[in-house]
Amino acid sequence: MRKFSQKRGASGVIVMTMLVPVLIIGFFAISLANIQRSESTSQISTDLAAVYGGNLLSRESDVDKILSLSEELALRNLIPNANQDSGESPPEHLRITTELGSASIGQFKPSFDSQAKPTNAIRVTAAVPAGIIVFGSRLSHVDVSAHSTVANMDRVICLVVDRSGSMTFDLDSGTWLLDPTPHPDNPMSTHPDVQIQQNAGQWWKGWPHPTRSRWSELLPAVYGLADELEKTNQQEFFSIVSYSSAGSEHRWNHKLKRVPYRTTDSSIEVRPTKHYANAVRKLEHKYSKIFPVMGGTNIAAGIDTGARVLLNNNSKPNAFKTMIVMTDGQYNRGRAPWLAAEDAAKQGIEVFTVTFSNQADQQSMILTAEVGNGKHFHAVDGVTLEEIFRKIANMPPRIFVD
Amino acid sequence: MTRRYQQRIRQRSSHRRRGIESVEAAITLPILFLILCPVLHLTHTWHVEKMLKIATYEAIKVAGKPDGTYEDAVVVFEEYTNAFGITNANLIVPEQFQIEQLDRDELFYLRAEASRATNTLPLPFFVGFNGKIDSGWVYYRKEG
Chain A
531 MRKFSQKRGA SGVIVMTMLV PVLIIGFFAI SLANIQRSES TSQISTDLAA
581 VYGGNLLSRE SDVDKILSLS EELALRNLIP NANQDSGESP PEHLRITTEL
631 GSASIGQFKP SFDSQAKPTN AIRVTAAVPA GIIVFGSRLS HVDVSAHSTV
681 ANMDRVICLV VDRSGSMTFD LDSGTWLLDP TPHPDNPMST HPDVQIQQNA
731 GQWWKGWPHP TRSRWSELLP AVYGLADELE KTNQQEFFSI VSYSSAGSEH
781 RWNHKLKRVP YRTTDSSIEV RPTKHYANAV RKLEHKYSKI FPVMGGTNIA
831 AGIDTGARVL LNNNSKPNAF KTMIVMTDGQ YNRGRAPWLA AEDAAKQGIE
881 VFTVTFSNQA DQQSMILTAE VGNGKHFHAV DGVTLEEIFR KIANMPPRIF
931 VD
Chain B
10 MTRRYQQRIR QRSSHRRRGI ESVEAAITLP ILFLILCPVL HLTHTWHVEK
60 MLKIATYEAI KVAGKPDGTY EDAVVVFEEY TNAFGITNAN LIVPEQFQIE
110 QLDRDELFYL RAEASRATNT LPLPFFVGFN GKIDSGWVYY RKEG
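Each protein sequence line maps, in turn, to chains A and B.
Quick note: the first sequence uses my numbering, first residue 531, plus one each step.
Quick note: the second sequence uses my numbering, first residue 10, plus one each step.
Check the hints yourself; a few may be wrong.
As the list claims (entries may be wrong) - Under the rule of at most 25 Å between Cα atoms (straight-line distance), these lysine-lysine pairs were calculated in the BS3-like manner:
hint	chain 1	residue 1	chain 2	residue 2
1	B	70	B	141
2	B	59	B	70
3	A	761	B	70
4	A	905	B	74
5	A	921	A	804
6	B	70	A	595
7	A	785	A	816
8	A	735	A	819
9	A	921	B	70
10	A	905	B	70
11	A	921	A	595
12	A	785	A	812
13	B	74	A	761
14	A	921	A	812
15	A	595	B	74
16	A	921	B	74
17	A	804	A	647
18	A	647	A	761
Simulated from the structure, these hints should not be mistaken for laboratory data.
Let the hints inform the model, and build the full structure from the sequences given.
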């Protein structure tokens, strides 16, 4: 009888004994979940700090500012549920380190070296205390660490500019600027021969007016692009290609003779260089003194030539290739620009498009940018055009190295 | 006592024992389950919280772009929450921030919350159906 009553509570004892391991497993599961939560938070914090640091790196030269702002951002994200004004102090064991270095993508895997130059990457590392939690208190400190490295990769940039006749158009009227009034840049307007003087308005139908033509608005914007490239930490190769259409037309030259000028669909104005301002000066000089701005609009030819320049062996083979295609009109020669952009994109080139003036065919260029894996921008005036060029210059491809 | 009588006694006591074991198990197993349920609820809540934070992180990166807008951020946020299977989630921007009008390098923060009731495990012993699961603030600065 005694034996029987003892056996009657046996399963209860077993279950009660099981409670202890169940409780341990429960706390272990909670702790594990907590560690995972900390891991995810620290990864997010370092990722955001590194992405922002990468952005700062592309436009700032003050190393201390880059490092301190990135570190501060990581810290803000690491303090759980901290409000901006809470003044909550960071946990004792929390450690954040930020360092600048050089990252490159080799054939197999990306690498980061804090000692190497040029500086193109930022690494943010955070170690956060997680730990085993029992009854709300942390029994032991387990440091969960995460790191993120973001690199601004090298770029080769090719600016493809429109040199068709419409680039000499008057900014206000959007048509030929046939102004015969005396102007120092118009030798016909100051010529002693009255007959030549009477035709002075024709001068601007080929040679862009220095302040009132679309071309005159383009040049400061391109200088802005060069200036912005100068400020970035990367050393981009920069080239310029121009396009209009093949043909031959008579224009007045600087010796005041009416001579034929033979235009090509596209031409390489400046081969890849690191002397950005010089490149723009060369373009400015050519189309104010040597060759008139004229012809139709063969955008595809410009894109094709730009792609050839970017893929040239002299360009950095591992660098990202960016093409900026600018137009003030719509294509009326050659194949559709989006077909050319598609070909360029297949070869790893990113095609940005910029339309300038309200007469530009934005829809075609939006499509061109879409198939070219780039972005489209529209500028109604020179100031906006310069802002856009500066923005593109500040958009180096940022990637997570690890 | 015959051998047959002894066998019958043994059989009866074995049946009674089995019945008592079932009763004991029926009482103690719910206790174990009761202990397990809050653990599952808590860890699941943390999981949802983590996923919300990841969705907020992706959204704030988009909002932080120079031309990033609140609408762009919401689109990305919804893409992620849908992919994670989180329902009734909202991206919250404090009133003082107009994402489109932030200056370069200006600090801003977002958070997300989701209904606890629709994102819980289908298990009993759950309290706090009216509450929200919160991602916590995620900070970023407007890129230039």
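Results of checking the hints against the structure:
In summary, the hint linking residue 70 of chain B to residue 141 of chain B is supported, as the alpha carbons are separated by about 24 Å, within the 25 Å threshold. For the suggested pair residue 59 of chain B and residue 70 of chain B, the alpha carbons sit about 17 Å apart, so the restraint of at most 25 Å is met. For the hint pairing residue 761 of chain A with residue 70 of chain B, the CA-to-CA distance comes to about 24 Å; that is within 25 Å, so the pair holds. The suggested pairing of residue 905 of chain A with residue 74 of chain B holds, with an alpha-carbon distance near 14 Å, which does not exceed 25 Å.
Between the alpha carbons of residue 921 of chain A and residue 804 of chain A the distance comes to roughly 19 Å, so the proposed pair stays at or under 25 Å and holds. Taking the CA atoms of residue 70 of chain B and residue 595 of chain A, the gap is about 20 Å. The hint holds against a cut of 25 Å. For the proposed pair residue 785 of chain A and residue 816 of chain A, the alpha carbon gap of about 16 Å is at most 25 Å, so the pair holds. Between residue 735 of chain A and residue 819 of chain A the CA atoms are separated by roughly 14 Å; this keeps the pair inside 25 Å, and the hint holds.
In summary, the hint linking residue 921 of chain A to residue 70 of chain B is supported, as the alpha carbons are separated by about 17 Å, within the 25 Å threshold. At most 25 Å may separate the alpha-carbon atoms for a hinted pair to count; residue 905 of chain A and residue 70 of chain B meet this at roughly 18 Å. Distance restraint check for residue 921 of chain A and residue 595 of chain A: the Cα-Cα separation of roughly 21 Å lies within the 25 Å cut-off, and the hinted pair is therefore satisfied. Distance hint between residue 785 of chain A and residue 812 of chain A is fulfilled; the C-alpha atoms sit about 21 Å from each other, no more than 25 Å.
Between the alpha carbons of residue 74 of chain B and residue 761 of chain A the distance comes to roughly 20 Å, so the proposed pair stays at or under 25 Å and holds. Taking the CA atoms of residue 921 of chain A and residue 812 of chain A, the gap is about 23 Å. The hint holds against a cut of 25 Å. Simply put, residue 595 of chain A and residue 74 of chain B have alpha-carbon atoms about 20 Å apart, close enough for the 25 Å limit, and the pair holds. Our distance criterion of 25 Å between C-alpha atoms is met by residue 921 of chain A and residue 74 of chain B, whose separation comes to about 11 Å.
Proposed proximity of residue 804 of chain A and residue 647 of chain A is supported: the alpha carbons are some 17 Å apart, at most 25 Å. Of the pairs offered as hints, the one joining residue 647 of chain A and residue 761 of chain A holds, with about 16 Å between alpha carbons and a cut-off of 25 Å not exceeded.
When each numbered hint is compared with the structure, no violation occurs for any of them.
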